[in-house]
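*Asks:* Listed here are the chains, written in short residue letters.
Protein chains: 2
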Amino acid sequence: MKRVKVSNNVIRRLPRYLRKLDELSANGVSRISSFDLGQQLGLTPSQIRQDFSCFGEFGQQGYGYNVAALRSQIAVILGMDRGFSAILIGVGNIGRALMDNFCFSEWGFRLVSAFEIDPALIGTEFKGVPIRSMDELESYLAENPVDIAVLSVPKDAAVPVAERLTADGIRAIWNFTNVELTGPDSDVLVENIHFSDSLLSLSYFLSERRDEQAARDARAEKQH
Amino acid sequence: MKRVKVSNNVIRRLPRYLRKLDELSANGVSRISSFDLGQQLGLTPSQIRQDFSCFGEFGQQGYGYNVAALRSQIAVILGMDRGFSAILIGVGNIGRALMDNFCFSEWGFRLVSAFEIDPALIGTEFKGVPIRSMDELESYLAENPVDIAVLSVPKDAAVPVAERLTADGIRAIWNFTNVELTGPDSDVLVENIHFSDSLLSLSYFLSERRDEQAARDARAEKQH
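Chains A and B, in that order, are what the protein sequence lines are.
Heads up: the first sequence begins at 1 in the numbering used here, then just goes up one per residue.
Heads up: the second sequence begins at 1 in the numbering used here, then just goes up one per residue.
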């Protein structure tokens, strides 16, 4: 695919478009205008047209977007058709939650193996995914090139395990450890899940609501 | 606090500023210029000054920001000093991971109780947080007003449980179910954690890298 440099904000919106289009499909909507799509996503129609224009022409002036066609084009842009493989490092609570509830294949990924240090888990399978010993990591990766590693180990292990994965040739890490992994090797992509960012946004909005309510109450009080 | 309407993008950046300032503090940095802060966050200095100007004057021209002071001002803006209380609904893998690894108090929240339907868990405690029966939810909330509910129930239960929480007076939901909760009651704040958005961003960046590499390889091939 020919690549143009696209802004980070646009890229971050693509998965949201994809989810919305899946929802529209599920509700039997086959065509949608940039106006309606914008309304449902809290974006302006021109922002939506601009976002999509980064990747070529998707809609037809006056006809809106074909939901299924747009969905499949966005899926391709996101690399969902590439069959990326993933391994999961650390089958603790988060690791288990991902194996149990997160449908990697829905997003085009193949979860091929998990790795653990707990002898009770090594050699078992969870939802069809084998759990191997961390001791086997190097030999496994030598025989099975893997695209991304999902890092869900305890905090203390985050940096050493990330360094080991990098040394083993892993070039993309999906990081659930809440530890910054901006290592020396900028050749490695790191995508962080920061639960706290999301909670603090909620905290902001809730504070705002409370202050607005307090201001309304104060005004009402004055009028009495 | 006096409130001005601040754009969503600015609000979403505040937790990132907070994390970065914590990291700087931990590394013994007590003062930083908007230029250096911008470099470390991939933002322009003027964007940073603009973001902070939404909330008043933080820095001193030519002297940069006092890291500790800026951190505490952002914490106040985010509502971290309000002592918001939280309950957790559903002690499955995700719920347990949150109780085990996520430090609510670090972000100003008090996790006061969890609720479950599994009899084996009801009546137990996890890290000092009591796990109650879902049957006690209404009576508990009647006696203990709670600010936010963390929703980590199975997909099928997401909508009915969210409706029940709303009926019980909960006005903010931190949603881990991956189910859209845009209910009729827009009075309720919902903050979603979508793991897939993050994975798909990683997928995009990895695809981009691969395409760039392939293009380089093709050019090198031609020159031979």
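Since the hints were derived computationally from the structure, they do not count as laboratory data.
Among the hints, erroneous ones may be present.
Repeated chains share a single entry, so a pair holds when one copy, or any two copies, can fit it.
As the list claims (entries may be wrong) - Taking lysine-lysine and the DSSO-like style, the derived pairs with C-alpha atoms no more than 30 Å apart in a straight line are:
#1 K5 x K20
#2 K20 x K127
#3 K155 x K20
#4 K5 x K127
#5 K222 x K5
#6 K222 x K127
#7 K222 x K155
#8 K127 x K155
*Asks:* A separate judgement is required for each hint: does it hold in the structure or not?
*Replies:* A quick look at each hint next to the structure:
1. K5 x K20: Both, since 24 Å and 26 Å are each at most 30 Å.
2. K20 x K127: Only inside one copy: K20 and K127 sit 28 Å apart there, 38 Å across copies, limit 30 Å.
3. K155 x K20: between (34 Å within a copy, 18 Å between copies)
4. K5 x K127: neither (39 Å within a copy, 47 Å between copies)
5. K222 x K5: between (55 Å within a copy, 24 Å between copies)
6. K222 x K127: neither (62 Å within a copy, 46 Å between copies)
7. K222 x K155: neither (52 Å within a copy, 47 Å between copies)
8. K127 x K155: Answer is both; intra-copy 26 Å and inter-copy 18 Å each pass.
Hints 4, 6 and 7 from the earlier list are contradicted by this structure; the remaining hints agree with it.
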